[in-house]
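Q: Those sequence lines, one after another, are chains A and B.
Everything in the first sequence is counted per my numbering, starting at 1 for the first residue and increasing by one.
Everything in the second sequence is counted per my numbering, starting at 1 for the first residue and increasing by one.
Be a bit skeptical, because a hint or two may be false.
Claimed, not checked - Not close to chain A: a few residues of chain B, all C-beta gaps over 10 Å, as computed:
{"id": "1", "residue": "Glu63"}
{"id": "2", "residue": "Glu103"}
{"id": "3", "residue": "Pro133"}
{"id": "4", "residue": "Val216"}
{"id": "5", "residue": "Gln217"}
Stated by the list, open to error - Across the chosen pairs, the derived CB separations fall in these ranges:
{"id": "6", "chain 1": "B", "residue 1": "Glu234", "chain 2": "A", "residue 2": "Val172", "range": "41 to 51 Å"}
{"id": "7", "chain 1": "B", "residue 1": "Val20", "chain 2": "A", "residue 2": "Arg211", "range": "47 to 57 Å"}
{"id": "8", "chain 1": "A", "residue 1": "Asn266", "chain 2": "B", "residue 2": "Ser42", "range": "12 to 22 Å"}
Hints were generated in silico from the structure; no laboratory data involved.
The beta carbon of each residue, even a glycine, is placed where N, CA and C say it ideally should be.
Below are the chains, spelled out letter by letter.
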Amino acid sequence: MQDAATTISAREAPGHSPGRAASRLRSIWRNIFPFIVVGVLWEIVAVSGIFPARLFPTIETVAGTFFALTANGILPHHAIETLIRLLSGFALAGVFGVTIGILMGRSRLAEDIFLPLVSICAPIPGLAYTPLFLLWFGLGSFSSILLVGFVSAFPIIFNSWTGVKAVKEIWVRSAHSMGADDRRMFTHVILPGALPYILTGLRLGLAQAWRVLVAVEMLAAVPWGLGWLIFGARKFLNTDAMLAGIVVIALIGLLLEKLVFQKIENYTVVRWGMVAA
Amino acid sequence: MVPIAIDNVTLEYDTPAGKVTGVKDVSFDIGASEFVCIVGPSGCGKSTLLNVIAGFLAPAAGEIRIDGKTVTGHGMDRGVVFQDFAQLFPWRTALGNVSFGLEMKGIAKAERDRIAREQLRLVKLEKFVDSFPHHLSGGMQQRVAIARALAYNPSVLLMDEPFAALDAMTRDDMQLLLADVWRATRKTVIYVTHNVAEAIYLADRVIVMSAHPGTVQADIRIDLPRPRDPLSVEFVECQKQLMRHLGHKVSGNGAGH
Chain A
1 MQDAATTISA REAPGHSPGR AASRLRSIWR NIFPFIVVGV LWEIVAVSGI FPARLFPTIE
61 TVAGTFFALT ANGILPHHAI ETLIRLLSGF ALAGVFGVTI GILMGRSRLA EDIFLPLVSI
121 CAPIPGLAYT PLFLLWFGLG SFSSILLVGF VSAFPIIFNS WTGVKAVKEI WVRSAHSMGA
181 DDRRMFTHVI LPGALPYILT GLRLGLAQAW RVLVAVEMLA AVPWGLGWLI FGARKFLNTD
241 AMLAGIVVIA LIGLLLEKLV FQKIENYTVV RWGMVAA
Chain B
1 MVPIAIDNVT LEYDTPAGKV TGVKDVSFDI GASEFVCIVG PSGCGKSTLL NVIAGFLAPA
61 AGEIRIDGKT VTGHGMDRGV VFQDFAQLFP WRTALGNVSF GLEMKGIAKA ERDRIAREQL
121 RLVKLEKFVD SFPHHLSGGM QQRVAIARAL AYNPSVLLMD EPFAALDAMT RDDMQLLLAD
181 VWRATRKTVI YVTHNVAEAI YLADRVIVMS AHPGTVQADI RIDLPRPRDP LSVEFVECQK
241 QLMRHLGHKV SGNGAGH
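So that you can see chain B by itself, here it is in the shape it has in the complex (with noise of 0.2 Å):
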């Protein structure tokens, strides 16, 4: 729905032995509705890059721009959606963790009652509106995340790994939910993986990085149609050609899943 515009981010932790440079000199633009999946393997800094754009940290150069308006801190233009379970309130119900943000935003509750069961629909969780999220597998406690994040109308869409820790079939399905979730929104997504297979099914640009410092690699069209298949002969050339970006920074045959 907005650009954003990534410009020379630089980020530092501390740490005992000193400053160590988690992300160096990062630069790239994102299209407005654009699905930007940003790979790379664990220590690329690609996680810590998510949390700047987020605004859970401060960047120590350069800044990050969302449609013009510079990055200052966590901000309601924005949905972020973590890989941990555990991000969704247990003391709510479904209904209730996706009507958090309306609820922030002060909107009546009849409103972002109705609001946050159309997302929960959306998300193909219209059964589970009253259960609560100890009661609902992992799954669908990430799509009651997905539903949460999208309930409030962020323009942009931040999503750290959220389906590794989900099994594989349920992963597969997952990603055929937020293809169509995306396509029904159009929202601009920022996606972090280490799942090259998953970057290519969702993705129109793979940004990849490579580690220590986190230096963007390579910037990788995906000109598939979609839905994709992912057994098809320019899937599986797609792939092979982002893991030979990732192969002499990841084993060989260590970038699949």
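Excised from the complex, chain A in its bound form (with noise of 0.2 Å):
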């Protein structure tokens, strides 16, 4: 009885501890400290003149470009271009992904099914089904999008469906025991259950989203899109822009991670226990 009370507080206590502050910048600074390094490498490369200079742009060039084409509008166009194919096609796998994968889990015919369909098709690399999608859907941004949900719903299924089978019989169990009907068990125990293996596959099929876009806005002919932006550099030697639109993946992906991805899972399965912070 006052054993759980000590634990509880013990718990509790570094949250609060003076050392809290200084962990913490420790933990920017080693966040920080290989980006240190790599800027350095780069520097000394760019300024050393191994390559021209047209090629491998110091960072304060690519800043530059960043800022300038930031300022006159041009690369948000293309981020947000991107970012809306990129969200529509993650949409259309999130949806269909989880639920193929949640019926692949809870029947044994969907299993049957869809699993040997899944396995084949999954460790395709997304490319490859390019030109196909072009043929049928056309040139644009449709073609992408669908290509893009196309792709990345496959780890999406892949987790769900492996989330459903890991769900604790005694949970299920449990929940007979209390009168739980199929559409109650389905929902109040199988969804939050196989939550963080759902996550963890939106995760993955976002990463992998990304990955297939940038490539296909190129192949797709869209007149908009930082995949355009990065190939389309290449023409004009324009490597500043080139790095400029990476940046900008980078940082995108990072903003989705940060701001969406840990933000639902502290809230859902770190905050339960099911998933370490």
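Please dock the two separately framed chains into a single complex, following the hints provided.
A: This is the structure in structure tokens:
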């Protein structure tokens, strides 16, 4: 009885300790340090003249281009077009992926139908499907979105399926004994029980979506998009613009990770102790 | 609260080597509000029998009747507490876990919160209503599980070694608490354990089972006055008697804990 009370306070204690700010600073430094090392090496190579300056710009040049392209609205326009495609494709993948994955986990028939198909299609690189999608659905955004949705659905399907399979039998038994019907077993037990895996699947799916989208934007001949910016810049040896595009992709990825996925996880599976913070 | 009849129950497992009889021709009756412990060596099928009573397994022969009605599956007339701490839903707070059964029954939120709080007070966890299970100790989690099984007011409580994974001191506290809860609620309780002292401390009656296949070996009434003192001469005498029943099935001194 009082053993429990001490457990709770012992767990909360580190949060209020004075060493917290210092350890936070240390962890920020640990995260930044590798970037500083790479940055310094980059500058050395850029300044040394091993490559022509046009092909290997200094960080200042890239930063200058980044701000110039941002200020004149070109970079944001590219970024927004890409983001819309990314999120549309990813939303498709999320809805269909989670649904198919859960169906496979819940029904033997669905598992028998989908598993062989999914197992064969999943390892094929997304780009291999691109020509087919372009012929079927034409050049442009629509094809890119469909392809992104298709390719990024696979990790979501696999993880949702595994998640449903990993739901503890004892939860199901407890819920049964407390009178849960099939529908509420699903919404109140299977879904939250599988959530850690589903979130992992969505995260992997988003990474997959980025990978294929940037490449497809060039092949699908879309007028705007970061992929288009990066590939298009090659023709004019605009390596600074390419790098600026890459920086934007990294920033968007980081923001989605920190502001969306980590927030959702912290509010759910981490708070529930199902996944370590 | 209601009587239970266990009538010639036989249960078989499918194994690669063929059918193995886990429980054979087990019969006994349990009176209303009676606290019955089933003890026996591992492999005697005591947990299996509990799962049959809970409706999770179907018997190969025989039947179980609760208040005259034959058991055909799980039902809300029985509350189940397992040994595994993981039985709680980690995504629900203590209060959320306890109100689950009430929610399934369609009881309004205000009412089920009130009942769940009351149940948590019964197991002395009123301060932890909003805690998630992973912030609770093993003993507290098992208390939430007991409150959860009682909340929707089943007439029978089935408990499968609920305190076996706890340390000895916490287990003593929990036994005391369960005895109080039982006195307050007067449920019919079937409690599976391999711990002789625990059985004598809690039970009105102890069913001793023997293994391979699981059969009832003895049915002993414990007439000690409550609350019971585990250090009294009568208690120890009772313990010796029960161990003798288990003695030729388990090794000589292995029946205690």
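Q: Against this structure, judge whether each hint is valid.
A: Structure-based check of all given hints:
no., hint, in the structure
1, Glu63, "holds, 19 Å"
2, Glu103, "violated, 8 Å"
3, Pro133, "violated, 7 Å"
4, Val216, "holds, 25 Å"
5, Gln217, "holds, 28 Å"
6, B:Glu234 with A:Val172: 41 to 51 Å, "holds, 44 Å"
7, B:Val20 with A:Arg211: 47 to 57 Å, "holds, 53 Å"
8, A:Asn266 with B:Ser42: 12 to 22 Å, "violated, 42 Å"
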